[in-house]
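Asks: The task is simple: from the sequences and hints, build the whole structure.
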Amino acid sequence: MNTASSTHHRPLQRLVSWLVLAAVLVIVVVFRQQLGLNAELLERLKTNFTNNFIVDQRWRWLLSGLGQTILITVFAVALGVVIGLSIALIKVLEHNGKKLFFLTRFANLYLTVIRGTPVVVQLLIIYYVIFGSVNISKVLVASLAFGINSGAYVAEIIRAGILAVDRGQMEAGRSLGLTYSVAMRRIVLPQAIKNILPALFNELITLLKETAVAGYIAVADLTRSGDMIRSRTFDAFMPLLAVALIYLLIVMMLTRLMTRVERRLRRSDHR
Amino acid sequence: MITVKGLEKRFGDNLVLNQIDAQIEMGEKIVVVGPSGSGKSTFLRCINRLDEPTAGEIWVENELITDPACDINRVRQKMGMVFQHFNLFPHLTVGGNITMAPLHLGLYKADGARKRALELLDRVGLADRIDDYPVRLSGGQKQRVAIARALAMNPKIMLFDEPTSALDPEMIGEVLDVMTELAREGMTMMVVTHEMGFARKIASRVMFIDDGVIAEAAPPAELFDHPKNPRTKAFLSKVLPH
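So the sequences go chain by chain: Z and B. In terms of this note's numbering, the first sequence is residues 1 to 271. In terms of this note's numbering, the second sequence is residues 1 to 242.
You can take every hint at face value.
Lysine-lysine pairs mimicking DSBU-like chemistry, simulated, CA-CA at most 30 Å apart:
1) B:K78 to B:K115
2) Z:K99 to B:K5
3) Z:K209 to Z:K194
4) Z:K98 to B:K78
5) B:K78 to Z:K99
6) Z:K98 to Z:K194
7) Z:K98 to B:K5
8) B:K156 to B:K5
Hints in this document: simulated from the structure, not taken from any laboratory.
Replies: Here it is as structure tokens:
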């Protein structure tokens, strides 16, 4: 019902946003004198734009930086989910009274250390201390560092999602003679996904923005590329604004995708 | 069929079951009654080890199931359980709820499973709901599906843990009808309930549990009409209509 009405309103919403955009354009054009948008300023903006992005094909720096950012984010998310799921299962097993000896102690140590220290410090330690004497790709190091970091937060997301599933579900599965792991895989986890997915998406968005500190180990990610343009052209406004806009666009796209996924998950509650 | 010797269950310092001894024969219908918090649900849940006993022995068909080496999953396959809150799997259809475990455990093949599910649903009067999701069902319908799900494993005994306590009053009858029918067909049953009329009608024996012990056990006519233990008398005077 909810979805039906929102599809119904969508063309109207689109029309309104176009009207608002057109109105802004008209205001800018009509009042350009009052806004100080004279020909001289426009010319200066144009020169700045050319200097920052066209000369030496500097727009390519941004593009390759974006590529690095996406590459690191994707690897880190994959690693984070693998680590997070493992740690979450250890914590859930512990919660259900299973004995795991050193595994829970390891999981708790990992969670405490990773959540208790800044990600930049973790990145620097992994690059300069752990891989200090090894010649290794910086992008790989960054992916590892952000993946290990993200794993701690993903673990909490998954753990909470599993524990939110009613205890009776596991009991019903066990009472039918299913083993713990089968009941977990076939009964609990499919229900936990609904709790987990939206929060996991949030973590992806956070992670994408967090990788902006990869420049600390001289990875030419999106942020570092913009900063490199700034140091070359001595103009901070254009390149940094461009960087911010690119992040913003990706995050907006992801948010939209998330809303759609969430709506689908909710719909399955009413089938 | 089931023998319980010296069963004890503690939750921390709290002694919930204290030296329970019981014998349940094939085809018996045991109804367990008692005040809330008396340990009757825990007793039932110890029988299939959903709650682990802290001491004592439980034998099911000459097998010591409290032995750590016992494969409890295999034992549970012959003990169906019905819960107070139904515990249907919301992500599966009614048919999926019924066939998931038997299919996974290789009890029957995919093509036979749906037919079997239909048979069972027909028994509980819900054959037309096989493709619905549980969210579409009323409480009484959910509980009847839960009974069908337990029966799908072809159990030798059915355990009912307050099956009507979470139901609206007008839905209690339809669930009790299914259980009465099951009893009439000869199923061995153990039922924890507050439905005294039902107990009187189907029970071969009624066990009155109070404060973690079986205070009295007797056929319903005897226990309800001529209780011997003063605690039984006190309890019955509160729950039976005056």
